[in-house]
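Model the full assembly from the supplied sequences, consistent with the hints where possible.
Those letters in the sequence shown? Residues 2 to 68, per this note's numbering, in order.
Wrong hints could be hidden among the right ones.
What follows is a set of in silico ranges between Cβ atoms, one per label pair, in the way DEER data are often shown [unchecked claim]:
1. Ile12 x Glu64: 16 to 26 angstroms
2. Glu43 x Leu22: 15 to 25 angstroms
3. Glu43 x Leu19: 32 to 42 angstroms
4. Cys61 x Ser8: 18 to 28 angstroms
5. Met65 x Thr11: 19 to 29 angstroms
6. Met56 x Ser16: 38 to 48 angstroms
Honestly, the hints are just simulated from the structure, not real lab data. We put the CB at the ideal spot given by N, CA and C, even for glycine.
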Amino acid sequence: LQLEQDSGKTIHYGSSSLIDLNRAGAPLVEVVSEPDFATALEATCFVQQLRLLLMHHGICRGEMHSA
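Here is the structure:
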């Protein structure tokens with residue numbers, strides 16, 4: 002488990018590069034696991050259970066669409 006802050010995102014558009022700072026400073030949690038998932042369904046179930054656990058403990062609202 003790693004706690005970080007979003008620093009922004011670089012967007013390459015033709016010969017130009019733009020920096021999107023819309024989420025700069027937003028807290029991020031990165032979860033790293035061993036490659037233990039044999040199927041996409043196993044990975045999906047893991048992420049769904051992790052989301053429920055984080056919501057239950059008030060760590061996040063679980064609104065994936067709003068980042």
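For each hint, the structure was consulted:
no., hint, in the structure
1, Ile12 x Glu64: 16 to 26 angstroms, "23 angstroms, holds"
2, Glu43 x Leu22: 15 to 25 angstroms, "36 angstroms, violated"
3, Glu43 x Leu19: 32 to 42 angstroms, "37 angstroms, holds"
4, Cys61 x Ser8: 18 to 28 angstroms, "20 angstroms, holds"
5, Met65 x Thr11: 19 to 29 angstroms, "23 angstroms, holds"
6, Met56 x Ser16: 38 to 48 angstroms, "43 angstroms, holds"
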